[in-house]
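Asks: First to last, the protein sequences are chains A and B. Taking this note's numbering as reference, the numbering of the first sequence is continuous, increasing by one, and the terminal residue is 109. Taking this note's numbering as reference, the numbering of the second sequence is continuous, increasing by one, and the terminal residue is 244.
Calculated directly from the structure, the hints in this document are not laboratory data. A portion of the hints provided could be inaccurate.
Stated by the list, open to error - Facing chain B, from chain A, some residues (calculated, C-beta under 7 Å):
(1) G3
(2) R4
(3) E6
(4) F10
(5) A11
(6) D37
(7) L77
Unchecked claim - Listing some non-contacts, in silico: residues in chain A with all C-beta distances to chain B over 10 Å:
(8) L9
(9) G55
(10) A75
Even glycine gets a Cβ: it sits at the ideal position worked out from N, Cα and C.
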Amino acid sequence: MSGRLEVWLFAAQRLSAMILAPLVLLHLATMIYAVQDGLSAAEILGRTRGSVFWGGLYALFIAAASVHGAIGLRAVLREWTPLRGAGVVAMAFCVAILALGWRAVAAIT
Amino acid sequence: MSAMDEAAKTLQVDIWRGGAQGAFQSFTVPHEVSQTVLDVVTYVQRRLDPTLSYRFSCRVGMCGTCAMMVNGRPRWTCRTHVDRIADDGRIAIAPLRNFPVIKDLAVDMTAFFDKWRDAGARFQPRDGAADSFANVDPNSPARRAASDAIECIGCGICHAACDVVSWNPDYLGPAALNRVWTLVNDERDADPAAHLAPVAGDAGCHACHSQQGCAVHCPNSLSPTASIAGLKRQTLAALFRGQL
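In isolation and in its complexed conformation, chain B is listed as follows (with noise of 0.2 Å):
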């Protein structure tokens, strides 16, 4: 086998080691096929050095646990096949932008989530439990873009991806909005209407600059940026009606 076929079948993967301190780490990796960039970080830890941390649980895109920088973009690890984002065989491999790093690879999601409470992103039922199922019309407007905003996986990319966030460490952030926007269309919340005053400050929904990286980068392709443009329009709508 000549030394090009070898190289062929090596990547060439840097791996951040370290905390906010720190460095990329080489490695020499077999190119598999049908290979993920998680598959690759779980070679090393496996392989070639039990002492890198990194975190994934379903490795089929649906827990949103595996989100790393990858070549400098924020992508989910699992669902990020080797051949589409290798760069001549190089893989570099950092943690997700925006959020401090614990250890290698492994983020602290704390902060992000803790936006999410802050923003007012819980679901409050209108209706108790011995009340029957809410009918709710597939086809209305509401419902519409509720659905348009749901299939969010909490992954953590968009705010990986979002300038305003790495500007604004109070802004509540792509994932908080698009969340908060479901429940603003979400006919069975309680008061639909009280979402808007949480993300009406001045680290909510204004700050946004309709950059659309969180749209770019989510693996789900949702558009945050068009759930925030929908909430700027709502807190509006709001403040005429006196509601805010």
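Only chain A is shown next, with the shape it has when bound in the complex (with noise of 0.2 Å):
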């Protein structure tokens, strides 16, 4: 059993890397776009209110982010520090990051 967990969180591991990275270069180009007219809510908003677009890019990012976060802490958890249960830490880490995260793409929304 432990052996197919293992594997099921190196291919979510891989996986999730694989949303991010595009998602990333995507979110930075972003970024250096909006700001060129100066940075505000308002601009923000103007662009992320009521784009099932902007929305959906950042709930997948968040989806993928917090399962890839999650995976590393649990790694680092286990190999620098005696606490056991490393894996239910990193789980509530992953449901916090999805909680806050998609509380933040609702509110922008």
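Dock chain one against chain two, each of which comes alone in its own frame, and use the hints as you go.
Replies: Quick look at the structure:
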């Protein structure tokens, strides 16, 4: 069982990385483009409000980041701390990032 | 002869003495042409202090018994020339990292080889003694993958170089996993896919960070990292096939 979990986590880590790579680039490019006319809440909300594209993109971004970060955190905790139950901590981290991130996405769309 | 010439002809050698608790002891050893680190240790043991404990056998880079930390790096001492690694005439020689020290430069390899057993790194023949020789195509992808990893002499240098081993004592380690990779690619093995389950656990191939300390230090220029990456791919394929 343990072996299958590790392999699933390996697959999830790679898959989330594949999703994150283009999204991070798109996010950075958008930021550079957005600040050209001065950065303001109104300007950002004007782009994201009611936009299925930006809402969906950031919802996916957060899903991938929460999975990717949590799996990495689990490895760090297991190797660098004597903590037992690193998986539980990582799972809680994943859920927290998902909840906070999706809440933020809901607020700007 | 000037003092400088004299200094050039000697080496200052610091050698670890004791067990896990111990200290470096300094020796002055004559510098010879084509001298190896093993020559230096042997000189100390035979001429200066017969109580020095160390391990060696073949002296020609085949047996894998003489690995030690030399100036902080794991090396096969019989094939490491002093001229290549001496730091201003100084050499520090210590027992292999990540291994329990028995005494001085001799380490306990038991746990290391137990991991080979735990990883299932044992060839299980498909054919019996009565069967004829297996014809293995030397150019098949599997045979090529096995060939790239097969020349391991079991010296433990990769195990000493691996930070994941130092963080997680249960980690099977680059040597055992590299050996399993050769078996996964051995068409003579009774069940190559069966070798994947023992290395798919949380102390197996997925614990590797692909840092490549093993590949940098392997005296035979193998890349256990590449073998472990192969195991990661194969375990994923086995999972999707329902074989894990």
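Asks: Hints the structure violates: just list their numbers, smallest first.
Replies: As far as the earlier hints go, 6, 7, 8 and 10 are violated by this structure, in ascending order.
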